[in-house]
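Use the sequences and the hints to build the structure in full.
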Amino acid sequence: MTDNGDILVEHLCKDYILQYNRAMTLKSRFVGIFNRRYRTTKTIFRALDDINFRIPNGISLGVMGHNGSGKSTLLKLLAGILIPTSGKIKVPDDAYIGTMIQLGVGFSPELTGLENVYLSASLYGYQRKEIDKKVEEIIEFAELSSFIDVPVKNYSSGMQARLGFSVMIIMDMDILLIDEVFAAGDLSFQEKSKAKMMEFKEANKTIVFVSHSAKALDEFCDYVCLLYKGKMVGIGVPKDVNEQYVALTHKRTTFEEAQTSLAVPEALLV
Amino acid sequence: MILRNFFKDMKSLPKYKCLIRNLVSRDLTLKYRASIMGYLWSMLNPLMLIITYIIAFKYILGMRSISRSQIIVGVVLWTFCATAMMSSVKAILTSAPLLQKVTFPRVIPVISTQIFCLIQHLIVYPVLFITLLVLKKFPNFNWLYVFLILILLNIMLFGMGLFLSTVNIFYRDVEHFLAIAIRILFWFTPIVYNISILSERRFLKYIIAYTPFSPFVRSMTAVLCDGHPIPVECGIQMVSYSVAALGVGIVCFYSFQHRFVEAI
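Which chain is which? The protein sequence lines are A and B, in order. All residue numbers for the first sequence refer to the working numbering, where the first residue is 1 and numbers rise by one. All residue numbers for the second sequence refer to the working numbering, where the first residue is 1 and numbers rise by one.
Hint data in this document are derived by calculation from the structure and do not stem from the laboratory. Don't take every hint at face value.
[Stated by the list, open to error] With a straight-line Cα cutoff of 27 angstroms, these simulated DSSO-like cross-link-like pairs (lysine-lysine) come out:
| # | chain 1 | residue 1 | chain 2 | residue 2 |
| --- | --- | --- | --- | --- |
| 1 | B | K11 | A | K153 |
| 2 | B | K8 | A | K88 |
| 3 | B | K15 | A | K88 |
| 4 | A | K90 | B | K90 |
| 5 | B | K8 | A | K129 |
| 6 | A | K153 | B | K31 |
| 7 | B | K90 | A | K133 |
| 8 | B | K90 | A | K27 |
| 9 | A | K129 | A | K251 |
| 10 | B | K137 | B | K15 |
| 11 | B | K11 | A | K133 |
| 12 | B | K11 | A | K129 |
| 13 | B | K11 | A | K231 |
| 14 | A | K205 | B | K15 |
| 15 | B | K15 | A | K134 |
| 16 | B | K11 | A | K88 |
| 17 | B | K15 | A | K90 |
| 18 | A | K251 | A | K196 |
| 19 | A | K90 | B | K31 |
| 20 | B | K17 | A | K90 |
| 21 | A | K129 | B | K90 |
| 22 | B | K15 | A | K133 |
| 23 | A | K196 | A | K231 |
| 24 | B | K90 | A | K134 |
| 25 | A | K201 | A | K90 |
Laid out in structure tokens, this is it:
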């Protein structure tokens, strides 16, 4: 809970327990007592290590890094889907948080598009009346008016993606947590959603945006946070961060050097 | 800590009431969409059981101690208990796709499953009451106890649902064990026989009187078939069972809920 709508991340660590040969049943747990081959072995993998930053209200922060650097984990922790192993995350209390970890959030294939709009908007905590007001706009934005009474299982993946994105963007959330969204939809839909995102940004709302695309990050984000193997390299303006990201990829610089050249701006310090 | 999380969830429930309604209506639509018989299916299963048991016990075995109305009331209530347990054990696992993408109180799938089962149970009641009238069991004021029994039963089933759905995440075969346990429990609950026939076998009678669902079935038949109030010892049992189940369920669910998403 922060009083001014900031998101605070302090000494955040996340461990995944990798269980080889995990005992999924009581039977295999029982067999494991007698037979070594069926025993579970555990290793701990530190996905995020001591992350610290503050996202002031209204800032859009990009997150960049190589595959497996912990970007999605960070997003899931911010969303509250995963619980930190240690450290603290503070998110404004009553904020509606839109999460877009994968497209087509929680769609039930057998239900129609319209039923799914209601279901997925209510997942974020919206009431029926609030959804009623926006439902027309959502359908129109998704360009699905003629398919809205068809079960979602008959939708193409692009249609599902459009519907999922429209629900999130039209419902007017306070904070958006987004993982690579512009991969879906055709060019015209992409442009439309970019424009909508810009509107959202101009309305002074917080966005956390995970992407590999330097161009998209440059367009939307005030600052970008660079992660490297679970550790935070630093935060800076998109151009500087991208430079370091490329340098790290080609091993032209080490983690420590990158860290010193990317100082965290004062506004984003905890 | 556990209690604080529980109350925090309970406080946020009004915010998610639309979600609960949507989840319940999703389950109902999925169940009845594209089926001609629609909600008659909810009645067909208990109906077939009732007919079989009445033929088997009243006519083939010729048991005197149990009346047709007792079998009917018992089977209807038992069907509710069994379906509620079998659905809530899977509640968290089946909503994995939602839990992995959006944050909402983990307890909501368990609640919505419970409500879904309760609705299916309640729509049988009109038919049940008509059948009782046909069997010349006329309503009196004691029938109001049905509400009390149902409230306590739902508290107990909810507690069991919290417990079972938690355990089933970590050990997936709990589901199969439960199916067997329900079969056994059926015969250890006085549904197709009356507990009074066991007066000579004290030990067995003792066990059967204390299985989780017997006070509920006994009270229900006492109220609906005999028009009596709830027997005192059954009332005490019902209250203590439901409070205990709820307590165990909450402690178990809220001690492990932070590990759900990674485990499913």
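- [ ] Of all the hints given earlier, name the ones this structure violates by number, lowest first.
- [x] Hints 1, 4, 7, 9, 10, 13, 18, 19, 21, 23, 24 are the ones this structure does not satisfy, whereas the remaining hints hold.
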